[in-house]
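Enquirer: Listed below, chain by chain, are the residues.
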Amino acid sequence: MTYQTLLGYLPAIMPELVLGGGIMLVLLYGVFRGERSLISTALLTLLVLCVAAYYVVLGASDARVLAFGGSVVIDPFASFLKLLILGASAVAMIMALEFLKHEKLNRFEYPVLIGLSALGMLIMVSANDLMVLYVGLEMQSLALYVLAAFSRDNTRSTEAGLKYFVLGALSSGMLLYGISLIYGMSGTLNFDVLKGVIETQGMSIGLVIGMVFLAAGLAFKISAAPFHMWTPDVYEGAPTPVTAFFAAAPKVAAMGLFLRVLFGPFEAAVAQWQQIIIVLSVASMTLGAFAAIGQSNIKRLMAYSSIGHVGFALLGFVAGGEAGVKGVLIYLAIYVAMTLGAFICILAMRREGRQVEEIADLSGLSTTQPGLALALLVLMFSMIGIPPFAGFWAKFYVFLPVVEQGLYWLAVVGFLASVVSAVYYLKILRVIYFDDPAPRFTEPSYPGNGVLLAMSVLFITFFIFWPAPLLNAAGVAASSLVK
Amino acid sequence: MLMALAFYLFAAVLTVAAVMVIAARNPVHSVLFLILAFFNAAGLFVLLGAEFLAMTLVIVYVGAVAVLFLFVVMMLDIDFTELREGFLNYAPIGGLIGGVLLIELVLFLGGMMVAPASSAPRASPVREGVSNTQALGEVIYTQYIFVFQAAGMILLIAMIGAIVLTLRERTGVRRQNVAAQVGRTRAQAVENVDIKPGAGI
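If you read the protein sequences in the order shown, they are chains L and U. Note that the working numbering has the first sequence beginning at 19, numbered continuously upward. Note that the working numbering has the second sequence beginning at 6, numbered continuously upward.
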């Protein structure tokens with residue numbers, strides 16, 4: 019491999035280069051400016067994320083471009099997920115500013131860590147090699163561990179960081195064990211070669227075990243039941259904007275990676291992995307629906323809600339084919355919009371200089387702050403999946419291929435889980451609309467969060483009139499993964 | 006013949022040293038046995054023709070990790086004999102579980118064939134006349150440059166993380182002020198004092 023060949027690969031990985039280089043410059047700037055430079059570093063990071071997104075769009079084509087000896091792949095599937103990841107990271111970073119200022123956490127490392135985590139996620143969704151997969155996954159996870167413990171003087175935050183770290187290390191261990199078994203049994207790390215090996219020689223027992231371990235490690239990262247145990251504690255303990263970030267971007271990246279692994283190298287082994295995914299999906303949907311009912315802390319409730327949503331998205335894996343993958347991608351995009359909107363509302367729950375997190379604190383919000391109450395109404399209806407909101411269409415596009423595949427029982431389970439989950443979403447709305455009003459929440463000092471919330475709510479409400487861009491993009495992305 | 010002799014020497018010392026790591030009463034002795042084990046493992050690597058791995062093992066594990074262990078063991082005031090109490094009580098059940106695992110592994114390995122696809126990478130030896138270090142360098146900085154650089158970013162994140170989570174601005178600590186040090190003139194720093202003999206300052 020000559021010097022010229024390596025230079026020829028650089029245009030393909032421009033988004034990663036821009037993000038990595040840009041974040042290092044922002045870090046230098048932050049170190050020189052010192053502690054008081056949160057706003058400027060956040061704006062600079064936003065700029066870097068936007069430039070990276072620009073290069074993703076610029077490099078997007080229908081072709082499948084391989085770089086670095088086939089270990090990195092750039093296709094519409096990767097580009098779609100990269101845009102989603104960059105968008106979610108940018109929103110999660112901007113919405114944090116108000117919170118960080120009030121909680122005395124205004125340190126420039128926050129945007130830097132978000133950016134570095136996003137870099138890891140970009141590498142993850144472009145991985146075409148088990149080694150790149152692992153390196154990307156570790157990069158995003160390491161930044162997330164630090165972010166979870168970012169409020170280091172708060173016991174719950176440090177506990178969340180430590181828990182996430184220990185359990186994340188365990189899942190990485192399982193993942194690595196799976197990778198080493200796959201390498202030992204197939205003699206390759208590259209996805210394309212691995213696919214050829216499986217198609218010609220079939221799945222040996224060792225490969226099946228390796229794949230199961232790989233799937234378990236990835237299920238940990240997307241917090242699918244029964245690998246969800248860390249989620250409620252970490253979501254509750256981590257600072258709220260960090261929780262919002264956890265619920266959005268890393269899920270997208272890990273789901274994308276999961277799709278790429280199962281529909282890439284292990285496509286021929288669908289009989290082996292389909293049953294695993296069915297178990298994960300059914301367990302996540304039911305656990306997400308039932309365990310959330312008893313929660314009184316809204317962040318914990320959102321954790322169970324996200325477990326449930328992962329279960330619904332996994333339905334698309336089970337259905338398989340282009341329609342299934344397209345359904346997962348649409349679900350992820352709409353889920354990110356809904357969940358970030360919901361967390362902006364949670365961030366607005368601030369009273370007497372303190373962040374409040376109980377559902378009871380929302381009581382009577384419809385009389386004190388009708389705008390916020392309306393936004394929550396739309397978001398909750400969308401999360402239940404009531405038409406015409408976007409959440410309904412997200413569920414529609416994953417249920418449809420499942421039904422077309424003839425897996426009626428699975429669709430029925432999903433529908434029932436959806437109905438049960440309506441209980442706790444409606445419970446929040448009951449508190450907001452029918453309980454006695456509590457004191458008003460403090461008005462935010464930056465207008466940013468209001469704008470972002472409005473964008474989320476408008477997207478969810480009017481998605482039905484203008485669904486074509488998302489559907490088309492998801493369709494192109496899905497067809498590039500599943501041929 | 007000489008190779009076989011060297012192998013048995015290294016292997017025997019390695020095994021004995023490894024047993025002594027967990028058997029020695031004094032934790033400092035354990036760490037010293039660990040270092041001995043590392044050196045003998047490095048010797049085995051040299052016999053296999055993996056001289057780069059051997060040198061890394063000595064430099065990284067003996068030079069850094071084991072010395073760090075030694076510091077930790079010497080600094081911490083832990084009563085290791087107390088920690089070890091009850092070891093014998095658990096030994097039978099531990100041995101039983103270990104034995105079951107061993108039998109299962111033997112059965113598993115006995116019935117297992119080496120995957121045919123994995124024979125290709127195993128049977129790709131280093132080219133004649135190329136040292137380990139050169140062979141590694143040829144792929145790390147070309148084929149694996151992306152992963153290599155990404156690993157560098159992970160180390161950067163680890164560094165940022167350590168600083169974010171532990172560095173505190175402490176008050177009452179005198180910090181170095183380079184500009185003030187460099188900007189000092191002779192007049193500010195040196196003073197001629199006239200002292201009478203035997204009087205002191």
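Misleading hints may appear alongside valid ones.
Stated by the list, open to error - Covered stretches of chain L (chain U as the covering partner; in silico rule of three or more C-beta atoms under 8 Å from a C-beta of chain U):
| # | stretch |
| --- | --- |
| 1 | 124 to 135 |
| 2 | 148 to 159 |
| 3 | 267 to 276 |
I should point out that these hints are in silico values taken from the structure, not numbers from a laboratory. The model shown is predicted, which means the values in this text are computed figures rather than measured ones. From the three backbone atoms N, C-alpha and C, an ideal C-beta is built for every residue, glycine too.
Enquirer: Would you pick out the hints that fail for this structure and give their numbers low to high?
Expert: The structure breaks only hint 3.
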